[in-house]
Every structure is written in structure tokens, then in C-alpha cells.
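Protein chains: 2
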Amino acid sequence: MPAYRALERRFARLAALQDAAGILGWDAQTLMPEGAAGGRADQLAVLKGLAHDLLTGPETADGLAAAEDEAADEAAELGPWERANLREMRRAHIHAAAVPRDLVEASSRAVSRAEMTWREARRTADFALLAPDLAAVLRLQREIAAAKGAALGLAPYDALLDGYDPGMRRARIDPLFADLRAWLPDLVARARARQDAEAPALPLDGPFPVDLQRAIGLVLMEAAGFDFDRGRLDISLHPFCGGATDDVRITTRYDESDVTRALMGVLHETGHALYEQGRPAAFRHQPVGAARGMSLHESQSLIVEMQACRTAEFAGYLAPLLARTFGRDGGAWSAENLHRLYTRVEPGFIRVDADEATYPAHILLRYEIETAMIAGDLAVADLPGAFNDGLRDLLGLHVPNDRVGCLQDIHWPGGAWGYFPTYTLGALAAAQLFRAARGAEPGLLPALGRGDFTPLRTWLRHHVHAQGSLLETDALLEAATGRPLGTEDFRAHLEARYAPA
Amino acid sequence: MPAYRALERRFARLAALQDAAGILGWDAQTLMPEGAAGGRADQLAVLKGLAHDLLTGPETADGLAAAEDEAADEAAELGPWERANLREMRRAHIHAAAVPRDLVEASSRAVSRAEMTWREARRTADFALLAPDLAAVLRLQREIAAAKGAALGLAPYDALLDGYDPGMRRARIDPLFADLRAWLPDLVARARARQDAEAPALPLDGPFPVDLQRAIGLVLMEAAGFDFDRGRLDISLHPFCGGATDDVRITTRYDESDVTRALMGVLHETGHALYEQGRPAAFRHQPVGAARGMSLHESQSLIVEMQACRTAEFAGYLAPLLARTFGRDGGAWSAENLHRLYTRVEPGFIRVDADEATYPAHILLRYEIETAMIAGDLAVADLPGAFNDGLRDLLGLHVPNDRVGCLQDIHWPGGAWGYFPTYTLGALAAAQLFRAARGAEPGLLPALGRGDFTPLRTWLRHHVHAQGSLLETDALLEAATGRPLGTEDFRAHLEARYAPA
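From first to last, the protein sequence lines stand for chains A and B.
Start counting the first sequence at 1; every next residue gets the next number (full-length UniProt numbering).
Start counting the second sequence at 1; every next residue gets the next number (full-length UniProt numbering).
Bear in mind the hints are in silico, worked out from the structure with no lab data behind them.
Each hint should be verified, as a subset may be incorrect.
Given that identical chains are not distinguished, each listed pair holds provided it fits within a single copy or across any two copies.
To be verified - The calculated SDA-like cross-link candidates involving lysine to any residue, where the alpha carbons are at most 20 Å apart (straight line), are:
1. LYS48 / ALA354
2. LYS48 / ASP382
3. LYS48 / ASP329
4. LYS48 / GLN18
5. LYS48 / GLY22
6. LYS48 / ALA499
Note that the structure is predicted; figures quoted are calculated from it, not measured.
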């Protein structure tokens, strides 16, 4: 299999370039001095251009054809992982080859510029400041979507989506989201009515010193199984999981008056990190060794943060840890109160602060808007109005300024169009996977009550992390849970947690 | 000048790759988790390979020939900076094209491996552990030296040297070092006799909390003119100045029982950083905008640390700052005592801890050894013996184990053969430049007494930093000081400071 082996070496070089870009991207969000932004944008654009060359060059195209010929031979020594790897190499090649190199670099530069402008625009709630740079990003995204769509035989938005969640299509999402839209408002209303009828949750009074918050974060990461020999925890304005293979770096931000945000942020990013650290070792620098897609990635963060760590059981472990660490006691620090605090339902402007019951509304809105913008049916100038109307219709909220409206997220200036739906698809998958894991491991919840993630992590490692990209998303979910992606388990989860009969 | 302009774009891409590698290298020394070392080595090897391709590819070779044709035309619009840039592009191309790509990558990987082994070997004082990896690095360095020598028409060691200090040759170094060897031992002996006859310097008693040491470091960097919008100060085991264009990152290490090491380390690296931050803005991503070479680079660190900051004047500024910051008083905290502490002469095993009078002996030894090893006249197995004999002959010291002997420096496992002499060439240049600066700026020393580096920095920016690589080292020194590199000013400086009549 000489052609296949040569491709493996080529894709290992590609992985090294992507890992290099991953660390440089992490650094830009955590440590980089401001004056270095222009140079960093150049560095990332050059790395992206070189990765693009490597992925699209004639050697790769010819090598793929030759390796596919090798694989067609029944007697080929290619196992199922190698065959899946070849499939993923081809997929990556088509995606990249569809987009001319100039367009890749132009988009990278436009994104770097728009992200910088966005920071200032958001700070000053000045959408007009961002509009020209955002229009440039959108224009280039539409060009990319059209080019990829032509190469993949897909509609433009589907072509973008396929880059984040291979195989995912609007035709698959629309009925799932329509279903959510049908029953979620009523569920939220019932959850809030029940909540209002109960005694209110007692607030945890600060201050919570940053070093103690960080110490608790490290304890929880360790408990969840984060490998500190191959990763770090740092600070950034916007928490994320980034870095490189064998160097998974998560970030959080600390607020001395609020212990929940950093703590739940760390647990969320730890879920992402466990996926990255659990990818199949033998293929970790190959396409088939990558995480399956962003929907499953989000399922792993939500399974830790939402499914596991907001249970009554985990609150029973966490409450005394917090009380001891901060030297507090009293009713606010009881497991019952903590659980109540961590399962409050409260519509709000900010997506990243939303509870799991109202979160999908933020995604439905963004999905509607970005599909329309990619289709050319909504102009940048009309974005704030559409956003504000949507938030009013979906959550009954009146946006006072764009800072808490359409300027709140980096995704659009950041060139991540087609990404938003994966958050809610991930929430559905998390519910489905957690239910299956509980069914298979009856000791899972009691273990969480002792701060022991072993049963959950072991199940996820086997059924999700170590699967890499061997299967498509639905096939992985069928193998792990018996069904393709659906809304049933998410609905059952929300009903049980927020509106029990 | 279309060919020249195309080359400029190509070299800007190269600079972006080198800057990316600079940040990744910095990260590896400061933050990277241990398990990421293998992956980082791959990333750096791939980046180096790509930079090598960019520098040696047919487009560059053809472009250089075409641009040189353009430049030969008298009517060409190329100014002196562009012409010098073309010269430096050609130089870089010859250096890179001389070494086959496989050899570049093999060397990069061997170095990554040897650096890792070296850490363990040094920790356990076990030279045998390092020997095989060091032999691999040396073998590849000799191949590189032979290949570059053939392309440049130079002896192998000169070819390596030329990579660190363009134009520098053994024939230029040997008489300078022979001169040092002739008068330094006597000067050191006189300095020590004088020192022994004086009242001993009082030690500064710790502890010195790390956060206060860091705060003083930041104050001094600010005073020296470090631009924090384009750089950072962090911690690493081995202090260095690295990072990227517009993102100059220096490091230090803190010892709570010793305030001098971190503080002088910060001043030293700040000298390097001022050079990097002061490079000519219009050409900062071009070869002619790079620092001239490592000898001049070291001159800039030594001019700050040794020439400026160990003067009686600067001690007069620093002593009260230290006393105030650490809340101390008494005779140990007087300017006189501080100056005495900072100008002690004391032969020791460790190069990086050496005072400026005994430091050249460490370099004479390493220069002798590495020239012999590159020539094939000294085997890796014989390195410890040669090192220990040399330290005995030069400084009268008996090396108790290889940790404080030939394992102390990273340079040889790190593949930096031909680098060591630049430290002492830098010390000579520093003395020469400082004397010229004082002559031109009579207020320079009094300003240092107020913590004001402006006269010194302004003079250096004009005569050194902003010159980039416009001139060769000797030509720059002639323009700035009236003479090519020599030992006279260094000798006069040491005599005046350590053994005044």
C-alpha cells in the first residue's frame, strides 16, 4: 500500500501544521500583546495557505487516486480504520480543493480584521463600526459556500455545515429544530412556573478569590480525567478548548463575585478536552483520528457540564468541596441549594450564559438568520433588526443594545458560519448518550456523587472518543445508543429535570 | 522592479513562518506540558522544512537571478536598503540551498531529541546518557558545515559561524581571542587581589518574593524602553529573548534567596529585546531588517547589563529602588555596596553565572573544543576530559561532575555549533559601542544615575538597532565607533572597572 502510506505521511505533516496553528491561535487569545495582532494574522494566514497547498496539491490528488485504486483491490491489506482514513482524506481534499488558495488567504485576513473590529464594536455597542468588516467576511463566506457547494453537490449552507459536522444537512436539522420550537416554549413556561412556586435559591455570596476558583477547577479537571501531562488550564476573555494534539489547552475567565461561571466553564471545556485527549492514539495525527464533528464535540462538553455536573448527585459532591475551599457554611452551601442554583431557568440576552432549557432558542434564532444571510436573503445592515425581533418572539426579550444582541458572539465576524446549529445538535446528542451510558452503567450517577467520573468517562472513551471519525455522526449514535440523532431523550431529560409531573 | 517586489512578498511569507516558529519555540520553553514535546518537535521540523522550501525553491532561485539583473541596471529604482536586502536574500538562499531538505529535518529532529535527553542527563550529571544523541547532532552539524562550506567556499567551521555572524571568520577571531588569552589572566589576578584587599561586599539578605522581583523587572524594562505593546516578560528555566517580530518575549527565572540573578537576567534580555524592537520598521519582515548577527545581538544585551547597569551611576539609582521595594535598609543596601556586589570577580564553573572578567575564559574553552569537534579532531567521548582540562588550565578550577562541566549548556545538544564565540565578540563590541556612545552623549552616565536610559537607547537605536542588516558587523562598528571590532576598549573597560591604577 505504498500510495496509502505516502498519504499518511503527507497528512501527518498537515496535522503538524494545524497543530502549530492551534497553539498560535490559543496564544492569540490568552497571552499575545496587542501590537502583535497584525503579525499573528499574517502567520496564521500563511500557515493556512500552506496547509491548503498540502491538502490540494497534485501529489495529494494523485496519491488519493492511487490509494483508492489500491483499496479497491480485494486483497488490499487496508483495515477498516485505514479505509475510513482514506474516506476522510478524500473528504478533506474535496473541501479544500473546492476553495481557491487566494480565497482561503483573503478569508483568513478578513476574519482576523473583523475579529479585531468586533472587540471594539462590542465594547462600544456600535454595530455600524463592525458592519463593513462583517460584510467582507460574509461575502467571502458566501463565495466559499458556493465553491464548496459546487464541488460537493450541496446547497451553499449545507456545504458550510458539512465542514463542521460531516454529513449534516439542513434537511436533517429542520425537522429537529421544528420539533424543539413546538414544545420548548411550553416546557420553559412550566419550568418557570414551578420554579416561581418554590422557595428561591439562595445566592452564593462572594468574594471568591481567583486562586481558589482555579484550584477547584484543577481538582475537578483531575477528577474528570483531564491529562495534565498533555494539556493546560489558562485564562482568556472567551473560554475555549484549543491547542494541539497531545497539548489540549482549555481556558476560563474568573469573576470574583461569581463562582459558578468559571467552574461550569471549566467543566464544559473539560468535556471537550476529554474528547480530544481520548482520540484514537494510533491515528491521532490522521484525519480518521480527529473528533467526528462539532455536534459530537459539543455533546461531550454538555454531557460533562449539563448532563453530569448539574445532577443532584454531583451537587452532593461539589457543595462540601466549595464550602470547604471558600471557608463558608449555611443553607446556601447545601447540595440542595447548589442543585437548585445550577438548574435555574431564566431567559436572558446572552447565549453563553443561557440555561439548557432556553439555550436552544438562541440557536434557532441564529440558525434562521445565518441561513438567510448565506442565501442572500438578509443583508448585514438588517441583521440587528432581525436579531432583536427574533429574541423578542422566541424569548420575549427586548434587546436594549447590540452589545447584548447581535454583537455578543464572535462566530460571524470569526467566519464560523454554519457552526451555530451544532450547539443544539450537541445538546440532543448529549442527552441521548448520557441516557445510554446510564443504562449501561448503573453505578454512573452514584459515582458522580463521589466525584468519580470513571464510569462515565470509560463509557464515553469507548463509544465516542476512541471512535475518532471512523463512523458518521448518526452511525456513531446508532452504535452507541441504538438510534440516530433525535429530540426524544433531550425532551425527556428537560421534562424530568425542570418540569417533573 | 517586479522581480524584486515578488521576492519581497516571498520573504515576508518566510518571515511569517519564522515568527510562527519563534512563538512555538518560546512556548516550548515556558508553558508547554511535557507530553507535548514530541508533537512540538514535529511541528517545528515541518515549519523549518517549509521555510527551507520557500527559501530554496526554484521561484526564489529564479527570482533572485532576475532581481539581480534588475539591480545591475544603473537606472534601477533600487535604493541602498533594497540593494542590501537583495544581498541578504542571496546570502540566506545560499545558506539554505546548501543544505538538503532531508538534512534540515533530520537535524531538527535530532536536536529536539538531544535537548530532551540533555535535560535529564544534566539533572543526573550523566554524560553517557547524552553521548549518543549528542553524537547524532554533531554528525549532522558536520554534514551541514561541509555542505555550507562547499557552497560558500569556506572551511566547515567558518560556514557555521557565518550563519550566526555573517562575514565572521576564524581568521578574524583567532587573533582577538589570542590577545584576550594573553592579558586576561593577569587582569583577573590583579582584580581579585584588589578585591581581597578591600572590605568584603555585604550580601543582600533575602527572601525576595517573586512578585516583587517581577515588579522591579517590569519597572526596569519600562525604564530601558521596552515596548509592552509588542512584547512580554515570562518565566523559563533558561532565560532567553525569543518570540516574533512585534512580539518580543523575554524570560527570566526567580530565586527567592537571590535578587541579582533575575534582575540582571531581565536587564540582559531587555538589551536583546531593544535591538529586536528597534529594527527598521519598514523592513522588519525582510532579511535586511533583521538584526545584523549574534555578536552584535550579544553586544546589545551586554551594553545594558554589563556596561550600563553595573556602573556606579546606575547602582545609585537601583539601590534605593531595591531597598524601598523589599522594605530594607542598612549598609548592604547602599549604592556603594550594590556596585561592589555587581562587579565582583570570582572564577566559577558556570558560564552563565560568570562575571564579565572571567566570562571570556569560558568562551575560549568552548571555541577551542567545538572547532576541534567540527574538524573531527575531538570525539564526543573525549569531550568531558577536554572540557575539564580546559577549565583547570584557564581558570584553575577542578570540575567535580559534568553537570557543572560540559553538560551545563544547551548549545551543543541544541545544534548551535559556531555560536559560542559570539558571546565574547559581543562583549568586545559592547565595550567599543558604549565608549563611543559616552563620547557622543556626555549626559549618558548621569542619566543612568536617574534610571533614565534615553541617551543610551537613542544612540543605540540610531547607530545599531535601526541599521538592521544594512552593513556588515565591522562596517557598522566603523560607522558607529570609528574602528572595526577590536579588544582595546574591552581591555580599557576592564582595567578601569576592576584594576584601576
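These are the hints, each one checked on the structure:
no.: 1; hint: LYS48 / ALA354; verdict: neither (34 Å within a copy, 45 Å between copies)
no.: 2; hint: LYS48 / ASP382; verdict: neither (32 Å within a copy, 47 Å between copies)
no.: 3; hint: LYS48 / ASP329; verdict: neither (52 Å within a copy, 57 Å between copies)
no.: 4; hint: LYS48 / GLN18; verdict: both (8 Å within a copy, 15 Å between copies)
no.: 5; hint: LYS48 / GLY22; verdict: both (11 Å within a copy, 17 Å between copies)
no.: 6; hint: LYS48 / ALA499; verdict: neither (48 Å within a copy, 59 Å between copies)
The structure shown violates the earlier hints numbered 1, 2, 3, 6.
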